Structures are given as C-alpha cells and as structure tokens.
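Q: If you want the building blocks of each chain, they are given just below.
Protein chains: 2
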Amino acid sequence: MTSLSEKLGKGIPVRMDMKNDTWTVVQALRHARHDWMNHIQLIKGYISLGKIEEAERAIENIIIQAHQESHLCNLRLPMFAELLLTFNWEARSFNLEYEVFNEEVKAHISDEALTSWCAALFRTLEQYIKLYADNHLYLLVDKTEEGLRFFFEFSGIITDSKTLSQEVEELLRDSLFQRSQMHLISSGELQFEVIASLGS
Amino acid sequence: MTSLSEKLGKGIPVRMDMKNDTWTVVQALRHARHDWMNHIQLIKGYISLGKIEEAERAIENIIIQAHQESHLCNLRLPMFAELLLTFNWEARSFNLEYEVFNEEVKAHISDEALTSWCAALFRTLEQYIKLYADNHLYLLVDKTEEGLRFFFEFSGIITDSKTLSQEVEELLRDSLFQRSQMHLISSGELQFEVIASLGS
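Sequence order for the protein chains is V and W. Here this note's numbering is used: the first residue of the first sequence is 1, the next is one more, and so on. Here this note's numbering is used: the first residue of the second sequence is 1, the next is one more, and so on.
Hints in this document: simulated from the structure, not taken from any laboratory. Remember, predicted model here, so these are calculated numbers, not experimental data. Mixed in with the good hints, there may be bad ones.
You can't tell identical chains apart in this list, so a pair holds if it fits in one copy or across any two.
[What the hints assert, rightly or not] Okay, derived cross-link-like pairs now, SDA-like style, lysine to any residue, Cα gap no bigger than 25 angstroms in a straight line:
1. LYS130 x GLU56
2. LYS130 x GLN191
3. LYS106 x LEU164
4. LYS106 x GLY199
5. LYS44 x GLU69
6. LYS44 x ILE63
7. LYS44 x ARG30
8. LYS162 x LEU49
9. LYS44 x HIS71
10. LYS44 x GLU54
11. LYS162 x ASN95
12. LYS106 x HIS31
13. LYS44 x GLU60
14. LYS44 x GLN65
15. LYS106 x GLN27
16. LYS162 x LEU139
17. LYS143 x ILE64
18. LYS44 x ASN61
19. LYS106 x THR24
20. LYS106 x ARG33
21. LYS162 x GLY50
22. LYS106 x THR22
23. LYS106 x ILE64
Can you make the complete structure from the sequences, with help from the hints?
A: Have a look at this one:
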C-alpha cells in the first residue's frame with residue numbers, strides 16, 4: 001500500500017500537477033471574465049426573449065455563486081481557495097461545485113497540506129471515472145461540533161469503484177484530519193467527509 | 001441628485017491594501033468578482049424597476065468593456081495588461097479607462113520596460129493632480145502607420161501643470177519609443193502619445 005507521501009512523491013510534483021503555480025493574474029482574470037460573460041449573455045438572452053423572471057432567477061443564481069466564492073476566500077486558506085476557484089478552468093474529467101457555510105471559522109490545518117491532499121484526491125478520482133461522462137463533484141465546507149468539515153459527494157460514472165474506494169480510504173487516513181469517514185461508494189456515487197480541527 | 005447607475009455602479013469599496021506587484025490570483029479574482037457583482041446589481045436594479053431598456057444598455061456596456069479587456073490581453077504584453085487591469089483596484093488619485101483597437105498587432109517593445117514606464121507615468125501624474133477630484137485618464141491603444149500608438153488623455157484638476165509638463169516631456173523622451181508627442185497641457189487637461197515600432 002502506498003502512503004500519501006509516496007503517492008505525491010512520484011511522477012510530476014504536486015504543485016506542478018495542480019498547475020496552481022502556472023496561473024498568472026492575467027490568465028485567471030481571463031477565465032473569470034469568460035465565466036462572467038457567459039452569465040451576462042444568458043441574462044441578455046432571457047431579456048431579449050422577454051423572459052424577465054428567468055433573467056431575474058439567473059441573476060439570483062449568479063449572486064449566490066459569487067457569495068460562495070467569497071465565503072471560500074474568507075476561509076483564510078488561499079492555496080485551497082485558488083485550487084477550487086481555478087479547477088474547472090482546466091480540462092477535467094469532472095465538474096467541481098462547492099458551497100461554504102460558516103466561512104468565519106479558522107481551521108487548524110496547513111493550507112499547503114490541505115491543498116496538496118485535495119489535489120491528490122482529485123487526481124485519484126480522475127483515474128477511476130469515465131471520461132466525458134456527466135461527472136460531478138460537490139464539496140460542502142461547514143462547521144460541525146468537531147471542527148471544519150469537508151463533505152465530498154461525487155456523482156457520475158465510476159469505472160473501478162473497488163480500487164477507488166481503497167485509494168480514497170487511504171487518503172482519508174491522512175493525519176491532517178481529526179476524523180474522516182467514508183459514507184458510501186457505488187458505481188455511480190461516492191460520499192465521504194474529513195474534519196479538520198478548529199484553531200483557537 | 002444621484003442617478004441609479006451612480007448609486008448602484010459605485011458599490012461598496014473593497015479593501016485597498018494590495019500593491020500591484022503582490023497581487024495573487026485569489027486577490028485579483030476577489031476584486032474582479034466585486035466589479036462584476038456591481039454590474040450584476042446594476043442590471044438587477046434596472047430590471048426590478050421595470051427599466052428593461054436601461055438593463056439592456058448596461059449589459060451592452062459590460063460586454064464592450066469585457067471586449068476591451070480581451071483586446072488588452074491579446075496585445076501579448078502581460079505585465080502591461082496586469083498593470084492596467086488591476087490599476088483601479090488600488091487607492092488612486094485618478095480613474096483609468098482604456099480602449100484597445102487592433103489587438104492582433106505585436107509591438108516591438110519590452111513588456112517589462114513598457115510596464116515600468118507606464119507605472120512611472122502614473123506615479124508622476126498622481127503627484128501633480130488634486131486628490132479626491134474627478135480625475136480621469138483615458139488610454140487608447142491603436143495601430144498607426146508608424147507603429148503601436150498609446151494615446152493618453154487626462155482630464156481633471158492639475159495642481160502644477162508646468163512641472164507636470166516638464167516631467168511628462170522627460171518621460172516622452174524615453175528611448176523605448178519610436179516617436180512621442182505632447183499634444184496639450186492645461187490646468188484641466190493633458191494629452192500626449194507615444195508610438196512603439198511594430199515587430200516583424
């Protein structure tokens with residue numbers, strides 16, 4: 001069985017593979033502009049069709065999403081925030097969506113270690129899911145009595161749930177977290193959570 | 001009387017604690033998000049008041065502005081683009097606006113040198129204009145027969161036009177440019193241009 005550090009040690013270094021280092025401000029702004037323009041074009045389309053209620057709903061959705069981005073950035077885990085904010089801008093086998101409640105908490109966890117762990121998790125997931133399928137990973141970050149909880153929920157097509165399960169279980173044993181739990185795995189779903197203790 | 005666009009367009013100020021050279025991706029995205037959200041709130045405001053034509057006009061303006069940002073980024077002068085894209089996110093004595101035509105040209109100029117020159121120009125300007133006045137700098141980048149032209153037009157309150165004129169004249173003599181020209185300077189206006197030769 002390979003440990004997380006062994007896994008991270010082979011092949012391309014984590015930080016390269018995350019591609020976080022290679023994002024420049026101008027590139028990130030270009031992608032963000034592209035996303036925002038898609039939203040604006042959608043609103044424009046609804047208005048031009050006289051569908052004012054749909055336009056208003058689209059606006060509400062954008063506002064909610066922007067609030068989630070703000071919450072993510074308020075966690076004071078900037079590398080982790082960058083990984084999530086930029087994730088969907090690269091060619092990926094799954095789409096990432098997240099929600100962050102209780103953003104005013106400070107988790108007692110290394111930003112860099114959490115980000116590396118998360119990047120390793122995403123890479124693992126990408127190995128065992130079907131390319132071009134409607135794969136989706138939802139991440140909920142919220143505060144529980146035990147600490148800051150990261151709840152992951154994947155839906156899509158898992159090609160090898162047995163091996164994926166083993167590899168995720170291994171990732172869940174990382175000492176970064178106070179507690180972790182696998183909730184369910186099937187050929188189309190995967191749910192698990194990790195909890196980081198809170199800082200004082 | 002303040003108009004709706006003035007009320008909604010200005011929005012809440014963001015914390016202005018970042019210097020240009022220290023922008024991280026997450027910080028830049030936060031500022032961009034703030035700007036986009038101001039636009040979205042403006043559109044939302046118009047729609048909720050039943051002012052559909054105004055909403056459509058606001059959308060068109062956003063699209064035009066986003067196109068200008070794209071054009072700027074297409075100049076293949078990434079440092080220069082970053083300076084301009086992030087300029088208004090810091091506490092400044094003037095507001096910067098730009099338009100870029102003919103973005104498909106490649107100027108024969110060092111990105112770094114142009115960016116330093118431009119930053120020095122902005123600093124010089126800030127020294128001789130009135131704080132908190134309605135100061136505005138418009139920059140037009142277009143292609144002329146001679147090369148890539150950067151046309152600057154300032155309007156606002158200049159506190160010492162004589163010294164500013166001398167200092168700008170000195171900046172215009174920089175060997176970076178193929179040609180430069182001071183067009184006019186008064187207590188409320190300043191116009192000049194520099195031209196960089198085109199790459200082959």
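Q: Hints first: check each against the structure and report whether it holds.
A: Hints, one by one, checked against the model:
1. Within a single copy, LYS130 and GLU56 get their C-alpha atoms no closer than 35 angstroms, and across copies no closer than 41 angstroms, so neither meets the 25 angstroms cut-off.
2. In this assembly of identical chains, LYS130 and GLN191 lie within 25 angstroms of each other by CA distance solely inside one copy; the values are 17 angstroms within and 59 angstroms between copies.
3. For the homomeric pair LYS106 and LEU164, neither the shortest alpha-carbon distance inside one copy (31 angstroms) nor that between copies (49 angstroms) is at most 25 angstroms.
4. Taking the closest pair of Cα atoms, LYS106 and GLY199 come within 25 angstroms of each other only inside a single copy of the chain (5 angstroms); across copies the shortest separation is 51 angstroms, beyond that limit.
5. Taking identical chains as interchangeable, the C-alpha atoms of LYS44 and GLU69 lie at most 25 angstroms apart whether they share a chain (23 angstroms) or sit on different chains (20 angstroms).
6. Both within a single protomer and between protomers do LYS44 and ILE63 lie at most 25 angstroms apart by alpha-carbon distance, with minima of 16 angstroms and 10 angstroms respectively.
7. Taking identical chains as interchangeable, the C-alpha atoms of LYS44 and ARG30 lie at most 25 angstroms apart whether they share a chain (20 angstroms) or sit on different chains (24 angstroms).
8. Proximity of LYS162 and LEU49 under a CA criterion of 25 angstroms is satisfied in neither setting, with 49 angstroms inside one chain copy and 56 angstroms between copies.
9. Only between protomers do LYS44 and HIS71 lie at most 25 angstroms apart by alpha-carbon distance; the minimum there is 22 angstroms, versus 27 angstroms within a single protomer.
10. Both within a single protomer and between protomers do LYS44 and GLU54 lie at most 25 angstroms apart by alpha-carbon distance, with minima of 11 angstroms and 12 angstroms respectively.
11. In this assembly of identical chains, the alpha carbons of LYS162 and ASN95 lie at most 25 angstroms apart only when taken from the same copy (22 angstroms versus 58 angstroms across copies).
12. Taking the closest pair of Cα atoms, LYS106 and HIS31 come within 25 angstroms of each other only across two copies (22 angstroms); inside a single copy the shortest separation is 29 angstroms, beyond that limit.
13. Proximity of LYS44 and GLU60 under a CA criterion of 25 angstroms is satisfied in both settings, with 14 angstroms inside one chain copy and 9 angstroms between copies.
14. In this assembly of identical chains, the alpha carbons of LYS44 and GLN65 lie at most 25 angstroms apart whether taken from the same copy (18 angstroms) or from different copies (15 angstroms).
15. Taking CA atoms no more than 25 angstroms apart as the test, LYS106 paired with GLN27 passes between copies only; the shortest distance there is 19 angstroms, against 29 angstroms inside one copy.
16. Taking the closest pair of Cα atoms, LYS162 and LEU139 come within 25 angstroms of each other only inside a single copy of the chain (22 angstroms); across copies the shortest separation is 60 angstroms, beyond that limit.
17. For the homomeric pair LYS143 and ILE64, the shortest alpha-carbon distance inside one copy (19 angstroms) is at most 25 angstroms, but the shortest distance between copies (42 angstroms) is not.
18. Taking the closest pair of Cα atoms, LYS44 and ASN61 come within 25 angstroms of each other both inside a single copy (15 angstroms) and across two copies (12 angstroms).
19. Taking the shortest Cα distances, LYS106 and THR24 sit within 25 angstroms of each other only across copies (20 angstroms), while inside one copy they are farther apart (27 angstroms).
20. Only between protomers do LYS106 and ARG33 lie at most 25 angstroms apart by alpha-carbon distance; the minimum there is 23 angstroms, versus 30 angstroms within a single protomer.
21. Taking the shortest Cα distances, LYS162 and GLY50 never come within 25 angstroms of each other, neither inside one copy (50 angstroms) nor across copies (56 angstroms).
22. For a Cα distance limit of 25 angstroms, the shortest separation of LYS106 from THR22 across copies, 23 angstroms, qualifies, whereas the shortest one inside one copy, 27 angstroms, does not.
23. In this homomeric assembly, LYS106 and ILE64 come within 25 angstroms of each other (Cα to Cα) only inside a single copy, at 22 angstroms, whereas the closest approach across copies is 40 angstroms.
Comparing the model with each earlier hint shows violations of hints 1, 3, 8, 21; every other hint is respected.
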